[in-house]
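J.: In order, the protein sequences belong to chains A and B. Take 1 as the starting number for the first sequence in our numbering and just add one per residue. Take 1 as the starting number for the second sequence in our numbering and just add one per residue.
Certain hints may be false.
Just so you know, same-sequence chains aren't split out, so a pair can sit in one copy or run between any two.
[Unchecked claim] Here are the simulated lysine to any residue pairs, SDA-like style, with alpha carbons at most 25 Å apart:
id : residue 1 : residue 2
1  : K4        : T100
2  : K101      : K114
3  : K57       : I88
4  : K9        : H85
5  : K101      : V11
6  : K4        : S28
7  : K111      : S123
8  : K101      : R15
9  : K18       : Y122
10 : K114      : I34
In short, the hints are calculated from the structure, not lab data. Treat the numbers as computed from the prediction; the structure is a model and nothing was measured.
Number of protein chains: 2
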Amino acid sequence: MNTKQVGDKLVEYCRKGKNMEAIDKLYSKDIVSIEAQGGPEMPAEMRGIDKIRGKNKWWYENNEVHSATVEGPFPNNDRFAVKFHYEISPKTGPNRGKKTKMDEVGVYTVKDGKIVREEFFYSM
Amino acid sequence: MNTKQVGDKLVEYCRKGKNMEAIDKLYSKDIVSIEAQGGPEMPAEMRGIDKIRGKNKWWYENNEVHSATVEGPFPNNDRFAVKFHYEISPKTGPNRGKKTKMDEVGVYTVKDGKIVREEFFYSM
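Bound-form chain A, shown alone (with noise of 0.2 Å):
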């Protein structure tokens, strides 16, 4: 798959919820994956596929997703960008139990047809 065709299938398993699939089917057991700012339980940058696959179980265990928009992919060479728009509520922590809306944008690199890199931008 092109770089294209592999942000279509990211956008598709990410519209059905099924992130966790995209990672398995899209994602090379290499991957790098940079947020705009760490926390306890997630580094600021993680590597291997097994650390990202922890850090998507434990935000999805940890937040109630209420509803995701998902644009894109807007290519560039052998990357892509998408932009997310969530509505989530916190299950822990001070924000417990409140609505609260998520804008980013991920940037995401593609080699043989695999995502190797993943950045997300956001405000905190």
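Please arrange chain B on chain A, whose structure you already have, making use of the hints.
T.: Relative to the frame of chain A, chain B by itself:
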């Protein structure tokens, strides 16, 4: 200005349609600009603020902008992303006068309070 402040300023200028002023005020003279795809009037990679001014001038002279929606900035360390939605009509070429929607993501890199790199993600 830090990355977030530069991003806020850029979004403010773009929302007012003052994109040329954004370049004058926020861009480094050594700016590097990467488009998703190049063309005869617009190579994919351009360097230096005069070339970038020329590119933008060309684009505005050759497209009528009906509306522009700007979302962001979405920061990540020394970079920020912005999501643009335009409704334009090209003034020349095969789609002359045809109202067209354009969605794109810009990723900007900031160094010493100035934008040193811009990268645009979109489908053609």
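J.: Evaluate each hint against the coordinates.
T.: Outcome of the hint check:
1. Taking the closest pair of Cα atoms, K4 and T100 come within 25 Å of each other only across two copies (21 Å); inside a single copy the shortest separation is 31 Å, beyond that limit.
2. With identical chains, the CA atoms of K101 and K114 are never at most 25 Å apart, being 30 Å at best within one copy and 30 Å at best between copies.
3. Taking identical chains as interchangeable, the C-alpha atoms of K57 and I88 lie at most 25 Å apart only when both belong to the same chain, with a minimum of 15 Å there against 42 Å between chains.
4. Taking CA atoms no more than 25 Å apart as the test, K9 paired with H85 passes in both settings, with 18 Å inside one copy and 23 Å between copies.
5. Taking CA atoms no more than 25 Å apart as the test, K101 paired with V11 passes in both settings, with 19 Å inside one copy and 20 Å between copies.
6. In this assembly of identical chains, the alpha carbons of K4 and S28 lie at most 25 Å apart only when taken from the same copy (16 Å versus 31 Å across copies).
7. Proximity of K111 to S123 under the C-alpha cut-off of 25 Å is restricted to the inter-copy arrangement: shortest distance 19 Å between copies versus 28 Å within a copy.
8. Proximity of K101 to R15 under the C-alpha cut-off of 25 Å is found in both arrangements, the shortest distances being 17 Å within a copy and 22 Å between copies.
9. In the homo-oligomer, the alpha carbons of K18 and Y122 lie at most 25 Å apart both inside one protomer (22 Å) and across protomers (24 Å), since each shortest distance falls under that limit.
10. In this homomeric assembly, K114 and I34 come within 25 Å of each other (Cα to Cα) both inside a single copy, at 17 Å, and across copies, at 23 Å.
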